[in-house]
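All chains, please: the whole structure from these sequences, using the hints.
Chains as they are written, first to last, in the working numbering: chain A, 1 to 137; chain B, 1 to 137; chain C, 1 to 137; chain D, 1 to 137.
Hints listed in this document are in silico derivations from the structure and should not be mistaken for laboratory results. Each hint should be verified, as a subset may be incorrect.
No copy labels: a pair is met if it fits in one copy or bridges any two.
Keeping only pairs whose Cα atoms sit at most 25 Å apart, straight-line, the calculated SDA-like set for lysine to any residue is [to be verified]:
#: 1; residue 1: 127; residue 2: 56
#: 2; residue 1: 11; residue 2: 53
#: 3; residue 1: 61; residue 2: 111
#: 4; residue 1: 85; residue 2: 34
Number of protein chains: 4
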Amino acid sequence: MEKYMYSIGMKVRDYECDIQGVVNNANYQHYMEHARHEFLESLGVSFSALHEQGLDLMVSKITIEYKRPLRGSDMFEVRINMERKGAKLIIRQDIYNLDGDVLATKGEVEVICLDNGRLTRGELFDKLFKDYFTKNA
Amino acid sequence: MEKYMYSIGMKVRDYECDIQGVVNNANYQHYMEHARHEFLESLGVSFSALHEQGLDLMVSKITIEYKRPLRGSDMFEVRINMERKGAKLIIRQDIYNLDGDVLATKGEVEVICLDNGRLTRGELFDKLFKDYFTKNA
Amino acid sequence: MEKYMYSIGMKVRDYECDIQGVVNNANYQHYMEHARHEFLESLGVSFSALHEQGLDLMVSKITIEYKRPLRGSDMFEVRINMERKGAKLIIRQDIYNLDGDVLATKGEVEVICLDNGRLTRGELFDKLFKDYFTKNA
Amino acid sequence: MEKYMYSIGMKVRDYECDIQGVVNNANYQHYMEHARHEFLESLGVSFSALHEQGLDLMVSKITIEYKRPLRGSDMFEVRINMERKGAKLIIRQDIYNLDGDVLATKGEVEVICLDNGRLTRGELFDKLFKDYFTKNA
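Structural data, given as structure tokens:
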């Protein structure tokens, strides 16, 4: 079994489901974003505080494979791993339906860091996640 | 310039923007979904009518590259091309900010068709889009 | 202090905030809906299961007073009381910011029950909430 | 027939519908917000530009009566009237399904204006809408 750096449990809300009775595809992106921000917060960092300092973490690319849809009231976990790659942070985010621990979606998110609108080399990522990168080296 | 099969104009609504003042990443998926459904509708086919017949078009994978964020009130177009690939329909969907015709996001969506929950070989795609596939052959 | 029948804790997710840096007004309605469905679920009843039986709980009117906006990462509680009024269920739903237990929004929701599309006299409400109505009589 | 100050046409997008197959209640608030911002924009005023000047239009209360649900692909209009009442602007916003011109929802929104976080007497409203208030006097 894969080991994750961070994991957060959530529950599907009915308004997140669409006519097909399953979670609308775009909402998995919401779950993934929320999980990333909670990860940051667990490290004592707030996404909006960063924004106010002129530091914006921006998603430059996202890939999501939809395996098994989640439905209303399903309990699930968003599990996160990440690595540096040049100026980018590559975050892998898998969503598991806790009923049977079944993979619902498999995601990969590339994040860049802007300082007052200009691309940085990603120094902030090392600062934020240094404990994790070391542990996994 | 690339030729597209279908294109639809839309306008950013303020509630689609987040704290960073730009369209939240997940909302581009909403724009893309709406554009696909409008494309279907332009062919006389309704997404929800298909659902009621037991035919569900499901996204199996999505990739979005975020190039230049859209902001409140921006006018944009979602432009669509597609091709068959085995049982899948591969839909390329680019979003252009009409102010300067600048590429905002570049997307690729893989769609499968379920018939009462079972994967089909995608016969429906040929039926729906046969005029387009022939023209581009 | 008012006594409530049901209460559920939640946390603001950043994507629920808009350009003004506060939770977008429409999202309080989402919180309120989710709290109602969780209340139902705590009684062993699922909103979507009811829908599949032809029973639809529909909001016929909603009033929300916005007192103090919630912001990203705020912890809050949705607290619920309700009473029957003719064919309607009147649900009062207050949202409190847990930082200081400050009232964020004050809501009143009127709900009707349809049986296969036809208005009922609300017999389902008595069945669902009889323990609560008795206790408060 | 009531005469309105402003009206804007829109179309239901499928992702705005929920398990019940109708537009989720909270989304009518989104439609109403978008219509207000478009009204402002038609007067040459941008909601986010106001925000950047420290002027925030905030909804202090909203009431929505749900009459007939909208469904996927429905065309509708949000129609607006307003009047001053002390420091508040009272905006009435009715949503009509264009198929038969049937009233879908009836809304009333109370808006206040904050200047750098402090409540104003609503001078901005007179400035923004003076032509409308005069015409209707």
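Structure-based check of all given hints:
1. In the homo-oligomer, the alpha carbons of residue 127 and residue 56 lie at most 25 Å apart inside one protomer (15 Å), although the nearest pairing across protomers, at 36 Å, exceeds that limit.
2. For a Cα distance limit of 25 Å, the shortest separation of residue 11 from residue 53 across copies, 23 Å, qualifies, whereas the shortest one inside one copy, 32 Å, does not.
3. Within a single copy, residue 61 and residue 111 get their C-alpha atoms as close as 7 Å, and across copies as close as 19 Å, so both meet the 25 Å cut-off.
4. In the homo-oligomer, the alpha carbons of residue 85 and residue 34 lie at most 25 Å apart inside one protomer (22 Å), although the nearest pairing across protomers, at 34 Å, exceeds that limit.
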